[in-house]
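Protein chains: 2
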Amino acid sequence: MQYCFLNGKIIPREDAVISIDDIGLLRGYSVFDSLRIYHGKPFLLNEHLRRLKISATALSLKIPVTDKEIEKIIITLLEKNNREDAQIRILLTGGKAINGFGFDPEQPTFAIVVEPLSLPPADLYVSGGKLISTVYLRPEFAAKTTNYITAVSLAKERKMKHAVEILYLSNGNVLECSTSNFFIVKGNNLITPKDNILLGTTRNFILELVSPDFTIEERKISYEELTEADEAFISATSKEVLPIVQIDDIRIGNGKVGINTKKIMEKYTAYVNKL
Amino acid sequence: MQYCFLNGKIIPREDAVISIDDIGLLRGYSVFDSLRIYHGKPFLLNEHLRRLKISATALSLKIPVTDKEIEKIIITLLEKNNREDAQIRILLTGGKAINGFGFDPEQPTFAIVVEPLSLPPADLYVSGGKLISTVYLRPEFAAKTTNYITAVSLAKERKMKHAVEILYLSNGNVLECSTSNFFIVKGNNLITPKDNILLGTTRNFILELVSPDFTIEERKISYEELTEADEAFISATSKEVLPIVQIDDIRIGNGKVGINTKKIMEKYTAYVNKL
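Chains as they are written, first to last, in our numbering: chain A, 149 to 423; chain B, 149 to 423.
Some hints here could point you the wrong way.
Since copy identity is lost for identical chains, a pair holds within one copy or between any two.
[Claimed, not checked] Straight line, CA to CA, 27 Å or less: simulated DSS-like cross-link-like pairs of lysine-lysine:
1) 201 - 189
2) 334 - 244
3) 309 - 422
4) 307 - 244
5) 220 - 307
6) 244 - 157
7) 210 - 307
8) 368 - 422
Don't read these hints as lab results, they were simulated from the structure.
Predicted model only: the values in this text are computed from it and were never measured.
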């Protein structure tokens, strides 16, 4: 049996239900965070918890347990669920809706769930993936809210077009993907957007990890600039560093996984293997 | 005990729960509609069901029961809950999430809930209400999704400023309120936005009801034009016709409930009293 944590208790996963009056359901008023477990150890836990706090604050939500308690719950759940490699999803809503639009920050819904890894196909890391783009600026972009209507709506088209992710554009600039951050490499420059996006923990970790090897530019990338990129990749907790060789009809570089992207992938893998 | 309908069954309201894996919670992938019951009779039921279909189609969701069945369920719930005047909320999500972003349209979550009326204070209909504005264009504006993060976030400020609703602006035009439509009166012209908004059933009903009395203009209203309005009001299922006398720092007309707005309110009330 699998277990999860819901509102103060560890319970069987199948018993984890919320009221249909929860404001997370009724008004989509909810934030979450996802982190990766490597060999039984939470990766970038503090960074994820820091971001969960940013998300919660943006929506005036209150996390009902301490960071230390969250760590303890995660370790307990991994043991009870007998998992070494997994993803952890932490969900926080305003709890039961009061008169439609109100909620009591002291009575949130708070869940921690262990999920099996859902990884992209391995061959994508060898041949590179494709992105499709759409014009979309996430509202409350600095918070990791559960508002993914655009991404879910486009999932079918994405699959039909054999794309691994959806790249969001706004005002002619590329921003982020639906659950990933976006990077290009030009010469020795590693370039990634900084504004109007969710600053991914994996993104931030990569920038630190490879800062000795590249000139880092956190700045706007116009859609046109994609044609000048030598390489591109996306980053996410589950996807790690995933090379991108095509965006809509634009071939990136020579259409093959770039040498610098490979180096970043290797450095990332080496790091997490040592955890 | 109160009852509701959930996934094919009428059950006690307190037992109405959904899985924490529901895509309506995890990804905010959900639509709904609310309708009013007057003296035991659903008001504008067909219009609300028509819009629910528009919302469902926009998100590729499938309503699992027929219109006739929905009507029967509503009548049964009103009897079992012993209610004559109430609101009905119909909620439709993609059901259990499949691999994070997928869902089976044949296995939705579908709920029908009876709610007590939550009406604005009666004195607002005499003295007129106030709106505060914010720049916001609802994504998927033609669908009544559960994405109300902006409205919930601003609820505290709205209350502090004694405003009854939040008016959304985009590109210098007024669009709609968080759960209401917006109208102004200029001379004998009744003017209301038409594009980039949710077309409210109450809005559409009012336009039909008073079309003999006014020149109807469905068109853009700029924020500046508010200073030229003689009168203003908002409409919604629960609020009916609610006069507005102030928007941010702009006094509408002479700051009192307008004579035409009063006429529309009276005509509306006369109509629903005869139901």
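Okay, which hints does this one fail, numbers in order? Going through the list in order, the structure violates hints 2, 3, 5 and 8 and respects the others.
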